[in-house]
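Peer 1: Use these hints to put chains B, C and D onto chain A, whose structure you have.
4 protein chains.
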Amino acid sequence: MYITLKKTVTEKEVQYIIDLLERNKLGALYIEDLGNKKIGIMGSKDRIPKTDIEKLEYVEEIHIISKPYKFASREFKKEDTVVEINGVKIGGGHFALMGGPCSVESEEMILETAKGVKKAGGQILRGGAFKPRTSPYDFQGLGEEGLKYLREAGDKYGLLVVTEVMDSKDIPLVAKYADILQVGARNMQNFSLLKELGQCGKPVLLKRGMSATIREFLMAGEYLIAFGNRDVILCERGIRTFETMTRNTVDINAIALIKEKSHLPIIIDASHGTGRKSLVEPITLAGIMAGADGAMVEVHNNPACALSDGEQSLDVAEFEKFAKKFFKLVELKKELI
Amino acid sequence: MYITLKKTVTEKEVQYIIDLLERNKLGALYIEDLGNKKIGIMGSKDRIPKTDIEKLEYVEEIHIISKPYKFASREFKKEDTVVEINGVKIGGGHFALMGGPCSVESEEMILETAKGVKKAGGQILRGGAFKPRTSPYDFQGLGEEGLKYLREAGDKYGLLVVTEVMDSKDIPLVAKYADILQVGARNMQNFSLLKELGQCGKPVLLKRGMSATIREFLMAGEYLIAFGNRDVILCERGIRTFETMTRNTVDINAIALIKEKSHLPIIIDASHGTGRKSLVEPITLAGIMAGADGAMVEVHNNPACALSDGEQSLDVAEFEKFAKKFFKLVELKKELI
Amino acid sequence: MYITLKKTVTEKEVQYIIDLLERNKLGALYIEDLGNKKIGIMGSKDRIPKTDIEKLEYVEEIHIISKPYKFASREFKKEDTVVEINGVKIGGGHFALMGGPCSVESEEMILETAKGVKKAGGQILRGGAFKPRTSPYDFQGLGEEGLKYLREAGDKYGLLVVTEVMDSKDIPLVAKYADILQVGARNMQNFSLLKELGQCGKPVLLKRGMSATIREFLMAGEYLIAFGNRDVILCERGIRTFETMTRNTVDINAIALIKEKSHLPIIIDASHGTGRKSLVEPITLAGIMAGADGAMVEVHNNPACALSDGEQSLDVAEFEKFAKKFFKLVELKKELI
Amino acid sequence: MYITLKKTVTEKEVQYIIDLLERNKLGALYIEDLGNKKIGIMGSKDRIPKTDIEKLEYVEEIHIISKPYKFASREFKKEDTVVEINGVKIGGGHFALMGGPCSVESEEMILETAKGVKKAGGQILRGGAFKPRTSPYDFQGLGEEGLKYLREAGDKYGLLVVTEVMDSKDIPLVAKYADILQVGARNMQNFSLLKELGQCGKPVLLKRGMSATIREFLMAGEYLIAFGNRDVILCERGIRTFETMTRNTVDINAIALIKEKSHLPIIIDASHGTGRKSLVEPITLAGIMAGADGAMVEVHNNPACALSDGEQSLDVAEFEKFAKKFFKLVELKKELI
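So the protein lines, in turn, are chains A, B, C and D. Residue 1 is where the first sequence starts when you use the UniProt record's numbering, and the numbers rise one by one after that. Residue 1 is where the second sequence starts when you use the UniProt record's numbering, and the numbers rise one by one after that. Residue 1 is where the third sequence starts when you use the UniProt record's numbering, and the numbers rise one by one after that. Residue 1 is where the fourth sequence starts when you use the UniProt record's numbering, and the numbers rise one by one after that.
Okay, chain A solo, but in the shape it has when bound:
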């Protein structure tokens, strides 16, 4: 449910409603949307003081949101959400390119890779320090050491830094180093983690679970918003199907549909999604055409020696070639609209 307010409403009046809702143990989410002022209401319907609200003269109308994803929906907010981090914008016509290795393997490799990402025009450096691995016997990431190298590389080359957090107890540690906290596909419905990330004060990159429906994906985003975080970036990275020639099936339909149903930015990760280096370019570009607001690409300064996912990583030169087409398409796309 949400309230639309008259355009003349004052800050004080907005605050009055928020207080009123909170006294009734309801959450309130104030937004401006295409010039309209709205307050989203979270909590049990029967606690909403409807008559009290309706009699306020600066309240225009009370609306019901039909979708289960309430504050993530276009029904609530028509305008694209733009997530802005230190001057880098994602969403609403702003495209972001994220590159970097699956895992931070050493100080040197992340520095070299970061240099390549920057040179190619990337704005955000990715790299795992805590790695979810199917086998307990595989390399699990460098932990805090990896976070430090990542931050160092980001700072040196003027790149934002995104990395995965796997457990709610690690949030403070990861948040100390990263600009964006990533939720991996396997944790998309780790609701405990989502709730705490709602309150972490940093943007969150939420990867779609391997068998999550589009609705569940949006509901996971809703958790983050409901628990206090408006800076949610979705990431389509492929779903599990019967197909075995690609690692997963990147669901480009989902990108187009999510842009229709939600105001949240969404990016595409074709590296994990397809598991094939040769498909990174065509699938990323396809994703941009379908509406994606950016891309995450695996880049490694030396893919042949990567500790994980080498076969799907671009090297620095390949990434540079790819990035040229990426930014070119972003420009060309404007001519189409």
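It is possible that part of the hints are untrue.
Given that identical chains are not distinguished, each listed pair holds provided it fits within a single copy or across any two copies.
No farther apart than 30 angstroms at their CA atoms in a straight line, the calculated lysine-lysine pairs in the DSS-like style are these [claimed, not checked]:
#1 K6 to K45
#2 K25 to K148
#3 K118 to K25
#4 K55 to K89
#5 K261 to K325
#6 K325 to K277
#7 K169 to K6
#8 K321 to K7
#9 K78 to K321
#10 K277 to K67
#11 K12 to K37
#12 K12 to K25
#13 K277 to K78
#14 K202 to K37
#15 K321 to K333
#16 K38 to K6
#17 K118 to K333
#18 K277 to K333
#19 K67 to K37
#20 K321 to K261
Note that these hints are calculated values from the structure, not bench results. Just so it is clear, the structure is predicted and the values come from calculations on it, not from any experiment.
Peer 2: Just chains B, C and D now, kept in the frame of chain A:
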């Protein structure tokens, strides 16, 4: 297995090899590929007269094809296949736009729709006369009457005509009216139908089965080639996954991968694939970026009254708008390469 | 829609209604169900002469069937359908065991296998003469020669014979030799084939398509009934999922649900379904517990030399051991009810 | 890798090897398997002091385990693992029946339900206190209050208690009340949680992820063992497929295959798996035939009023009827072997 021939080889010498193979009960497929002359061999390995072939001075080399799809593979033929029908080309940089209703419902409706398709720049008119319907109680198509209307509409507006054939016994009838014979998703592994279509003398549009792997899809194309038909156009139209917000999941990864592995042209059908009118444009354009050589789109002169699939059909005006973007993107894409 | 009749209704009166319906271009299906007499009506609702029917005194009531599968549903017929072929019964508490090779490879092998199937207590011999193969270069079956060997083996050992028909034009040929005509998974929605099998005069074994929903599976059965065939046996043989350790995922849930929603007999094919010899026994027995009315099992006199699917075939001795447990469970199951 | 020891080996000698391994930063897992003494080795191959080990006279042989799931595999341990908790045994011919509500909703309801579960012969009471819910606005469970009620009900009726833990930080709290800690399907690859549960000192019930392959499922079990927990019970609860008539597709093939590949006990949860009350009995019984060592069933004292999953819950009387068949089948099954 295939043979590469010296460039100086004469027609007579080529024929000599073909005869030699046929005497050994082997099939032979002569092609020119990037200026190279090749003969593909079909049949049991142990019947191949290797020593006889090797001693011919105009034979360069005998090659093994590692993929199970032999003559559909890039290993055999590197150059894109261009299917050409009455001046309309598909593949190898030529893009085709096919539009039309799910079913031909009446003479008037197909004429009106054809007019719209032509005006928008479409080259091929689609429309079902024999309809595979999940329920025996649903409208099954007009049969030959529908074929006649379709042909009439195609002729009147200078459009090629594509329509589905559901049973091998109907091939002569459908071939009488259509320029391209379509194999529906449910019949992709109707091998009996494929074998006879291999010999039908007309191009075939082969839709991917709802749960066909990419390999099986290419193998179905291989059937057509192996039984004599080189004019094979593939069509990605979505696979079945757990997702329910889209009718199927259009597998754009498959398009990019098939362009890598095969020389056959492939088009995208986002109407059946997504089941949502609003997704036709973004998903078709995404498909083009991923490498598709064309698109098939449901268009109906009056979608609200369609006997089937109305909710996913564009009306004539919407199709015109869509087609503008389609042809614009096709142009822009050239700048990216 | 169907009509219930008074118990006192005469044959002549039943015929009167059937004629009335046919004059209105409606199909009529007369059944007795738990002692009740019913006439199912097929065709367009608005052609039903409701007032004419209602005024007949021996008509009790007109009923609507809510499910899309009309005559395959328990709503229409509560009593289990028993398909009876030369004394062998399937359904309604009668269990059938079918065994035999994937393909009939030679006269000798089918005779030896048939001997083993008979000895183990099997009632029906399976074996393919027309084989749907993913590759055009794989063994496609012996054709009519295979049908002859199969019939000979069946006759020699007193076994019924079931084999696949892949194309409507082959129905007369296959029907000449087989007691039961099988529709393979890839042809479950070959509606043209289904329609003609509806009129073939022999029982049909309908395999579930690899990505067919339960509803679509029942609808395919409905096609057979709607076109005139009441002797329909369903066969669950696995669906396509992301799992790769089994060839398909045998959907035992579907067996239990189909027994609830439909009166048709259903058997389980764990050989094709799992692709693993070691799973044939546990999965078949599980299927019986879930409600299956029988099983189809791959048996080969010499699995190591099989031309196809050897790794999932039992040899004759293994089948005998398996069959003992099968018939034992069938007995024990009665104690549970 | 693992070592087999001579039967005459002494405790001291076993300890010597364990110390040797630990000095080399390797984990050691001592087991007795069908009377054989074995030590499993965890850690990097190149740290294994092979020559030191081989020269010990009480060492018989060093073995390689080919499967990625090492200590969960039958290659390492042939004998079925029996998890025993306060006299209740699961695995190796011992069957456990777990019943209870989706969520603990109140003290009264869990007491009444527990009474019914006990009366029917169930040994273990299930009930959620921390609930993973797709929507942040749905009932999230009673938390510690729920745990208390569950414990109270278990104690009152002499039932063990199993409940889900969703976050590693909640393990101490949940372990205080529960006899078995459950990992939900959505957390099957929450490796952080698995690692800490490896050291929690209580048995763990590990549910299969909705899109987890059988291999990944076993690897998740391997995490628990590798981090120190031998009391692992697997639970098949359905995978996500295209089918919509059942909530999930219970993969009974997985049960049979896991019994073949692993020594761990596995139970079946047909309530969540099918989402249909009417399928609980046939699918659970099918699971037992396929090799399951027990079942988890949703039981609610008043399903119509359940806060979640009411439509799939049995009431107390239905559960009693079901339990009779369950225990009867368990007996009958012995006659089959």
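Peer 1: What are the numbers of the hints that this structure violates, sorted from low to high?
Peer 2: Failing hints, ascending: 3, 4, 7 and 8.
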